[in-house]
Structure formats: C-alpha cells, structure tokens
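Student: Spelled out from the first residue to the last, the chains are:
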Amino acid sequence: MDEILEILSNDARLSAEEIAKLTGKSVDAVKKAIKKHEQSGAIVKYKTVLNHDLIYDSNSFVRALIEVSVTPQKDVGFDYIAERIYSFPEVTSCYLVSGAYDLLLVVEGENIKTVSNFIASKLSPMEQVRSTSTHFLLQKYKEDGQILKKKAQGKRLNISY
Amino acid sequence: MKDINISKKVETLAPSGIRIFFDLVLGMKDVISLGVGEPDFVTPWNIREKAIFSLEQGYTSYTSNKGMPELRRQITQFLKARYGLDYDPEEETLVTVGVSEGIDLAMRAILNPGDKVLVPEPSYVSYGPVVELAGGTVVTLQTDLTNGFKITPQQIDRACGKGVKALMINYPANPTGASYTKKELQAIAKVVKKHNLLVVSDEVYDELTYDFDHTPIASLPEMKRHVIYLNGFSKAYAMTGFRLGWACGPAKVVAAMTKIHQYTMLCASINAQMAAGEALKNGFKSVVEMKKEYARRRRYIVQALNDIGLKCHTPEGAFYVFPSIKSTGESSMDFAQNLLKKEKVALVPGTAFGKSCEGYVRISYASSYENLKEAIARIKRYLGK
Ligand SMILES: Cc1ncc(COP(=O)(O)O)c(C=O)c1O
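Keeping their order, the protein sequence lines are chains U and S. If you use the numbering used here, the first sequence corresponds to residues 1 to 161, in order. If you use the numbering used here, the second sequence corresponds to residues 1 to 385, in order.
Treat the hints as calculated values from the structure; they're not laboratory data. Mixed in with the good hints, there may be bad ones.
[To be verified] SDA-like mimics (lysine to any residue), calculated; alpha carbons at most 20 Å apart, straight line:
#, chain 1, residue 1, chain 2, residue 2
1, U, LYS155, S, GLN303
2, S, LYS373, U, LYS122
3, S, LYS292, U, GLU17
4, U, LYS142, S, LEU280
5, S, LYS285, S, ARG296
6, S, LYS292, U, MET1
7, S, LYS285, U, GLU3
8, S, LYS183, S, MET223
9, S, LYS292, U, GLU6
10, S, LYS344, S, VAL42
11, U, LYS35, U, THR71
12, U, LYS142, S, VAL42
13, U, LYS151, S, ASP23
14, S, LYS291, U, PRO125
15, U, LYS25, S, GLN303
16, U, LYS122, U, LYS151
Only a predicted model underlies this, so the values are computations on that prediction, with no experimental measurement involved.
Next comes chain U alone, as it looks inside the complex (with noise of 0.2 Å):
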C-alpha cells in the first residue's frame, strides 16, 4: 500500500507536516497525494473506531448479522437488490459472498425489537428476498484489526542498555 494510505489508514489525525516529517516527503507533496486519493475515492472518509460498550449513552445498540439469500435478477444480477437493501440506514454494511447464501449484512439498531422490525416489515417482505438467517452480536472482541480489549501496559523496564 501507498505509504502515506498506511499511515493514515492507522491514524488520520496526523497532519500532512507530520507525515511529512515520517515519510521525508515534502509538506506539498503529501497534500497533493491524499488530495488525489480523496478525489479518487480510495479515501472514503476519516473516522473514529469506537468502543460502544464503553460508551454508556450507547448501552441499547445492538447489531447483527444477517444472511440473506436473494434471486438475481436478470441483467442487474445482485446489484439492485443490494442496492435496495444497503440503501437503509440500519444496513451499516452489505457484502455480497459466496457460498450458501448471497448477501451478508451489519445492521445495528437500538435493541432487539428495532432490527427484527427491520427484518421483518422491511427486509423479508421483499419480493427478490427468499430467506434470512439473523446472528446478534453478544460480545465485540476484535474489531478492523482492531482489539478492543485494553492494551496491558509494556512490560518492559523504563531503561536498559
């Protein structure tokens, strides 16, 4: 991956002087290539991961996993059923997969009721929809390479030759 992609996608807070500073590219030069990322969209947005069971404003939001399986379409295929479905807000991610079924779903919502309600008035009711299969997520242990568990502090002694 482009150096300057790697060191945002770790971090997107650092600054173009900072990357600078890390790469040995000029300040200018930094601008200029995440100006043509962004405008090429391989930059989609900057955001921050969070850690909800952390967050306890945030104690009712649940997410889950749906499989769903669908019947192509002619000509648009998955497209615009995908299309359809990731369109709702709920849907916080849409993949299409192989294997036993065809779409894999995030979808989060305040609790239980919120996201079978989804499952049940919005997406089952569809007519290319033939079947679901829901998995809520009880615990988030890793998440974008991320784990969400506290790091324990370093072991190592403050000074050593």
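Starting from the known structure of chain U, arrange chain S with the ligand on it as the hints suggest.
Tutor: Only chain S with the ligand this time, still in chain U's reference frame:
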C-alpha cells in the same frame, strides 16, 4: 565472619556509575522512556503461540548442546538464502542464549592471557568487560561524529601491534546506529586479512538497516575463516525475553565455543528454540513491518532533535540516535539526570558506552510516535526553547 573476598578481576571490572542513574529511572513513575534497548513491539503472536504450544505438547527437556538440529538447519538455510552465507549446521553453528552468550563464548574460546582485542568506542557495554573476564586486554578504537562513529581500516592497521588477536565489531551499532556499507567492509576485510585477525561480528541489528543492504562481513571473499558471526532473535523478531541467538564460524572455533557452552549453559531453552523456529519459518513479514515503522520514527526523531538544537547525525540502522548535547554545556550525566527530574524523560548518558562519549546521549526510538512527540516537546521545554 571474615569479609568475603570477591574475585580481583570482577572487582576491578568497570564499575557502573551508571547503575545509580538506572536505579533512579527504575524507581520513578510516569516516565517517558527513550532509554530502552529493546523493541517496543511484543513478540509476534504466531511466535508466542508456538512457544505456548510447545509447552502444551510437553517440550520441557534439554536439547542437544548445540541446539535442536532442525533449528540449526533452519538458521543455516536462512543465512544462505538471505546473505549467501555457507555454514554447516552440524560443525559450524551453535545456538546460544542470546548474542550475549555468543560474545562471551567467542572471547573465551579464542583468548589467551594478555591477548589484545580491538574494541570500538562507543560500543555496546558488554564487550570490554567480556574481553577482560576472558583474560584479554582491550585496545580501544576511538570513533566520533566526524567519521559517523565508524572505525576505519587505517585505525585497525595502526592499532595492530604485537599481540592483537581479534577485532570486535558491531553493526548496525548500539549506541550510535552506525553501520557499514559493503565497500567499507571490504576495506576493513583487507586489513583483517593482512594482520590475520579474527573478527567477532555482532550483527544482531542486521534486519534494521535502512539506507542500504546489510552485508555480513563473513560473506566477503576469503573472510569466512576470519569471522565469528553472531546474530539472534532479540531485535529483529522482538524476542529479547526468549534469550536466543546463534554463532556461526570456523568449525574449530565453534567446537571450542560449544565445549564451554556445554559446561556452563548446557543448552538454550527448548521453548525458545521452538519459538525461534517459527520466527524463521513465518516471521519475516513482521520483521518487514517493524522495520518500516522504525524507519519512519528515525526520520522523525533525527529531524526533531536537530530542530530543537541537539545536533544529531542520521544513523544507518538499529533503533538508536546519538545526538550531541554539548550545546547545553552540561555533562551527559547531568543532562540525563536533570531531564529526568524536571521533565521525566529518560535516556542514557553517552558515557555509559565509553569515557570518550561525554557530550552525547543515546536516544532509543523503539517507542511509539506519540511518546517520541511528547518526549521531544519535553526536551524542548527543558532546553528553554
Ligand atoms: C549490540 C548488542 N549486542 C548484543 C545485545 C544482546 O543481545 P541478546 O538479547 O541476543 O543477548 C544487545 C542488546 O541490547 C546489543 O545492543
């Protein structure tokens, strides 16, 4: 009871004035430390997992003195693939408890009382004492900023009077980060051959070489018979606590080293050896990742130190920089102590690595970017800038 007499030799070993400073650091809380001589990464999980698995499987015994045959084979295959080095896993390879043990074994295996060993200064702290414990005499090769803290062939040539048997060399170097290009090593090899020296080469930081490819001095033409090649898993694979390294060299020397090792160490820990096997098999990707991260921090720290007025050259390897603090007018030790007390930043006074290193400090950038940034801000404040 009559007072216990400690061995004269041990008593006269360079006393560690630095010990008091170290104790001060270790007793202090919330310190940002740039004083650490080991990676800030934990050992990659696949390697740790292998160590755990080896315990679960009941691997709790001694191994062959020389180290597990499979690991020795892996080491020699790795050296062949990486550097084109040809060592026999049976006769020319010994698994040691860290490079530390390798240095000790090498010196004890080759030195007779009074034999002289050329040791660069500044250098890693163990070289001088280990030579002395082995009955040798240290001949210091002074280096400084003007030649990038590197020894020169002329220096070796001039120092090679009567009784000089060996040259201790370490690159990339602790504490300066200096390393040698192939061309520089070729010139050194020439004088080594001229004076028929043995080279004890500590290449434990080889994988952390940033600006050119690392060349083992043993890989140069006709040099294999002159070199005891030492390396280990501590730095490249972030495995310091496993205590594992290896020595390769002429069969006669390795046999002598093995003789000492079998009586004094018996063998390296079996679990560390199995973890090391995993490191060689599947660990290289992590080495590359860690190196990339160190390379960025090196760029940052060199620039940042120069920006706040501490003159610092760009070292070629390892994870140390060795800036001059002469502009402060303080001694290395005073600077380190005052910085610790006032700003809670720990670093190592240059004098820990040789008397001539007054006016320098060692900064380790094996620390997160956030820590480095905060430390620089504090040093800047300390300097009154
Ligand atoms: C130059 C040098 N050699 C050897 C060692 C010790 O290595 P090991 O952990 O393999 O004993 C160190 C550790 O700091 C070092 O810096």
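Student: Please list, smallest to largest, the hint numbers that this structure does not respect.
Tutor: 1, 2, 4, 10, 11, 13, 14 and 16
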